[in-house]
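Engineer: Modelling step: build the complete structure from the supplied sequences, incorporating the hints.
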Amino acid sequence: MSTRRAPSRLTGYYFGLIALLYLPIAILFVFSINANTTLSFPLRGLTLGWYKNLLESGAVLRAARNSLVVAAGSSAVATALGTMVALLIARYQFRAKRLLVALAVLPLIVPFVVLAVALLILFSALHVDRSLWTIGIGHTVVALPYTLLIVVARLAGFDPNLEEAAMDLGANYPTTLRRIVLPIIAPAMVSAWLTAFTVSFDEFALALFLAGTEPTFPVYLFSQLRFANRLPIMIALAVLLMIGTLTLVFIAERVRRVE
Amino acid sequence: MIRALRLSTRTSGLMLILALVATACGGAAATPTQAPPTAVPPTEVPAAEMTGSLTVLDWAGYDAFDFWVDFQNTYPKVTVNFEIGASDADIYSKMKAGDQADIFHPYTGWLQFYVDEGLVEEIDTSRLTNWDKVPDSFKKIGQINGKQYFLPWDWGFTSILYRTDKIPEGVDSWAALMNPKFKGHVSTWDDGPGAVTVSAYIHGWDETKITPEQLATIKEEWIQQRDVNLFYWAGEPELVDAMANGDVWVAYAWQGAYATLLGQGVPVAYANPKEGRNSWVGVYGIRKGSQNYDLALKFFDAKLAAATGNNVVNLFYYGHSNQDVMNGITDATLKQAFSIDDPTILQKTNFTPNLTAEQLDAWTAMWAEVKAAP
Amino acid sequence: MLDRRATFWVLYLPPLLWLGAFFVVPLILMAAFSFRADMRGEVLQWWTPTLKQYAGLFAAGSYWRLLGISAFMALIVALISTALAYPIAYFLAFRAGRRAGFYLVLLLVPFWTSYLLRVMAWKFMLGSNGVINSFLMYTGLIHEPLTALLYNRNAVVLTLIYVWIPFVALPIFAALQRIDLALFEAAADLGATPFRRFWRVTFPLSLPGVFAAFFMVFIPTVGEYVTPLLVGGSRGSMYGNIVQDFFTKAANWPLGSALSMIMLIATLALVALAVRIVDLRRLIE
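Keeping their order, the protein sequence lines are chains A, B and C.
Start counting the first sequence at 24; every next residue gets the next number (our numbering).
Start counting the second sequence at 12; every next residue gets the next number (our numbering).
Start counting the third sequence at 127; every next residue gets the next number (our numbering).
Source of the hints: derived by calculation from the structure; they are not laboratory data.
Check the hints yourself; a few may be wrong.
Said to hold, decoys possible - Dumping the calculated DSSO-like pairs for lysine-lysine here, alpha-carbon to alpha-carbon at most 30 angstroms:
#1 B:LYS194 to B:LYS359
#2 B:LYS144 to B:LYS346
#3 B:LYS177 to B:LYS192
#4 B:LYS285 to B:LYS359
#5 B:LYS88 to C:LYS178
#6 B:LYS177 to B:LYS158
#7 A:LYS75 to B:LYS285
#8 B:LYS151 to B:LYS107
#9 C:LYS178 to B:LYS107
As the list claims (entries may be wrong) - Some chain C residues near chain A, calculated using beta-carbon distances under 8 angstroms:
#10 TYR212
#11 LEU232
#12 PHE237
#13 THR239
#14 LEU243
#15 TRP248
#16 ALA300
#17 PHE373
#18 THR393
#19 LEU394
#20 ALA395
Each residue gets a CB set at the ideal place from its N, CA and C atoms; glycine is no exception.
Structural biologist: This is the structure in structure tokens:
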């Protein structure tokens, strides 16, 4: 660490932004304990009843589970594929390179809903039933540009001499990749994986079109928006998910600090 | 260059083959999320023992047990799987794309398409024990070309919902949605055919025979209407929120929103415009080629039964096609919402006619241009 | 080298096949749909190509204007969110130390709650009864609620910026992380002030990440439709809303496909232009 200023403006900026980010969450929390079914002041009394209803609502919990499964699977695939392309871009020269880059980044340009319909047509033509798998496939395609860009930004300018050195020392290329390159780009891969996970977990344009009998949470939520009396349960779940994740994050941090 | 070309054709050929193999394997290996449709056992099997499975393409929320509770109780061993459709267009698209659901749930306006495209089976109403509880006017709504293709199930009104404290003089015409007096406090449904219907009512035009000139006028009207419109609502909760906190004073609304707001004690009224209210009906159809025709009929029969009907009314504030259920409503809020005490209400109501493909295309394109206009 | 060659194929084939099957082929199908006259008949059947959809779109000029407006809104969102996210990324890379991972995840956690609900809550904040208005009225700064905060284009832009900032920080953070700290030492040895060091060393080196971040926001935002739907009001529709309407309300896949093709081509053109200006080749070479 070079110059170290007091934890001043930047830290303040970060925490200020965090506060702003979490403010709507706080509002959601307030309404999850609100006795009314609509989002307006004045509040009409507090209740934990919505959380109780949630625990009895198998469908909501199942939708949340589906989202987790789809996000975990699709983000893993997207990170793997994105890293592959990033390595190709950074380490190889080949004729179709520009084409591959363009192809891999192109999903960013295609509106989700367009890709959704295109995939729907494809799956119908091949008589593949819509399911969590089809949603997952859609998610890998849209997450790929993100994972690629994140890993490639890390790889760009990363000194190839390290690899040369390893190979001069007798390692073959796959080993070099595995033992030299991957550990160094691992943080970027984690970053990419997190991004892909986030993209998938909350995504609903694709999921809406490609869902079969099992919905993901955003799909379920969006369709419940028609019915006002279901809304507080959904908010309760969203709040719980958040509290759960935050708890995990804090625990992980504690553990890391102890180490 | 040539080398690259050879490489790319080889690659693309390989790519195509592998892609097809991968998706075929993926399709076969995918965890089955529903039991494969089985042949319906002969009717001698008692209801409580009957097994099998049905897939229903329905709107979100209707997969709750409350809305098929009679079927659940009568045939406890039959599995019912639900696929969720997000809108009429979505359901139609899915059915066209070859969705294998046995039963689907469209609303009036869209019914002609299913018949024209050969997507729906005729219903053998002689096998429905609850069929006689459905009023004739509703039965007719499920008939296309004289044949009973659809089972009417849920229904409701569309009218103008308004805050009585903000608009004490009341509302008596659909033109209120375009009234500059309410600038910034109007909300209408985000739907082209709905907008055309409203304009047709206001001008006294026949909504089944809108000419291109009339459509152009309608488009201009709704472009002007954006000046008074606060936002287009896509779902009732949005609208209910906005009316409850006073942002919206007058809106195109279904009676579900009305009942919800009444229940919250917000001072609202549901207009009886001089042009008449609109009404829509949700219907169930059986996919042509479904292997579960008999089971589907049993499902339909149970959908018409009293317990299911009461849940529709009490939980969703929608009407049900079983007349006994409607006659049995005692809750004051609901009676007000459905104008139960007005026996002539249905005569004054305009039921949504079924659109042709040209109309749907033209009217949705019109609405898109309204939203895109500068 | 043999194993380098073999590794090439191992790296090259899976993404290529995956993208081919699940991206290229579907898009080709969609392009084919844009030349279809109507949806009558089977989903997949032979149809005679027609330019009817495109002709209709060219005749209705308002879609072009909307596309331009959407692109402009996306530009604003991308610029502002990148600018606002940069200090976050900088903080994470250079000030957070070993807690960087924790702070990063803290930043991302809100995104594991539903986007829809967050936008609805944000909508509540901006609304006439909302937090901002209540507070301003309470302090007496205003007497009537500000209606300009919601149901217009500004609300859409504001909400999108709010939604994108944490996401945008990621690529910038990744790029900042790989800057060799020895460079800072060198700069200090050469007598550079912290600001000069930032401007001449840090910032230029972080540019690939900044550009990645900018495009990551800009391009999908052009086709955005959910936020305009929830907070845009009658005049806040973006091009994506029109596309979505044709698929979800009208079942008019040919027209929707044609609209999408136009957006696709326009965006490609924009990106090609930008790449020319900015020379992204540094990233791939």
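Engineer: What hints, given by number in increasing order, does this structure fail?
Structural biologist: 5, 6, 7, 10 and 20
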